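If you count the sequence shown from 1, position 84 lands on 84 in the working numbering, and the numbers rise without skipping.
Bear in mind the hints are in silico, worked out from the structure with no lab data behind them. Small disclaimer: the values here were computed from a predicted structure and weren't measured. Be careful, since some hints might not be right.
With a straight-line Cα cutoff of 25 Å, these simulated BS3-like cross-link-like pairs (lysine-lysine) come out [claimed, not checked]:
id	residue 1	residue 2
1	Lys47	Lys61
2	Lys35	Lys23
3	Lys71	Lys59
4	Lys47	Lys37
5	Lys59	Lys47
Now the in silico label distances, taken between C-beta atoms and shown as ranges [to be verified]:
id	residue 1	residue 2	range
6	Gly60	Glu27	46 to 52 Å
7	Glu4	Glu39	48 to 54 Å
8	Glu40	Gln14	53 to 59 Å
9	Glu33	Glu53	26 to 32 Å
10	Glu87	Lys49	53 to 59 Å
Heads up, the beta-carbon is just placed ideally off N, CA and C, and yes, glycines get one too.
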Amino acid sequence: MQEEEQEQEEEEEQEEKDKQEEKEMQEEEEEQEEKGKQEEEEEQEEKGKQEEEEEQEEKGKQEEEEEQEEKDKQEEKEMQEEEEEQE
1 MQEEEQEQEE EEEQEEKDKQ EEKEMQEEEE EQEEKGKQEE EEEQEEKGKQ EEEEEQEEKG
61 KQEEEEEQEE KDKQEEKEMQ EEEEEQE
């Protein structure tokens with residue numbers, strides 16, 4: 001009689017242990033998933049920022065070039081006008 005009781009207790013303990021392990025594994029998985037999502041979001045954000053910066057830079061360069069061109073044209077025009085005055 002006593003042996004049976006002991007066996008049952010052991011089985012119950014084992015079940016309890018299994019449940020606990022199962023729970024822990026699930027929690028770990030959820031954490032991993034959460035972490036994965038977060039990392040992905042951060043990467044996406046990082047990528048977005050970088051692209052934005054590059055676009056800004058590109059835009060800045062283009063504007064600078066256009067301004068420079070405008071300036072050059074202006075200077076050329078002024079020089080030509082001066083030459084004509086000289087003649």
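Cross-check of the supplied hints:
With a CA separation close to 21 Å, the supplied pair lysine 47 and lysine 61 stays within the 25 Å bound. The suggested pairing of lysine 35 with lysine 23 holds, with an alpha-carbon distance near 18 Å, which does not exceed 25 Å. The suggested pairing of lysine 71 with lysine 59 holds, with an alpha-carbon distance near 18 Å, which does not exceed 25 Å. Note on lysine 47 and lysine 37: the hinted pairing holds, with a Cα-Cα distance of about 15 Å set against a maximum of 25 Å.
Using a Cα cut-off of 25 Å, the hinted pair lysine 59 and lysine 47 holds, with the two alpha carbons roughly 18 Å apart. Between glycine 60 and glutamate 27, the C-beta spacing of about 49 Å keeps the proposed range 46 to 52 Å intact. For the pair glutamate 4 and glutamate 39, the beta carbons lie near 52 Å from each other, so the given range of 48 to 54 Å is met. The hint said 53 to 59 Å for the Cβ distance between glutamate 40 and glutamine 14, and at roughly 39 Å that hint is violated.
Between glutamate 33 and glutamate 53, the C-beta spacing of about 31 Å keeps the proposed range 26 to 32 Å intact. In this structure the supplied range 53 to 59 Å holds for glutamate 87 paired with lysine 49, their Cβ-Cβ distance being about 57 Å.
The structure is inconsistent with hint 8 alone, although it conforms to all the rest.
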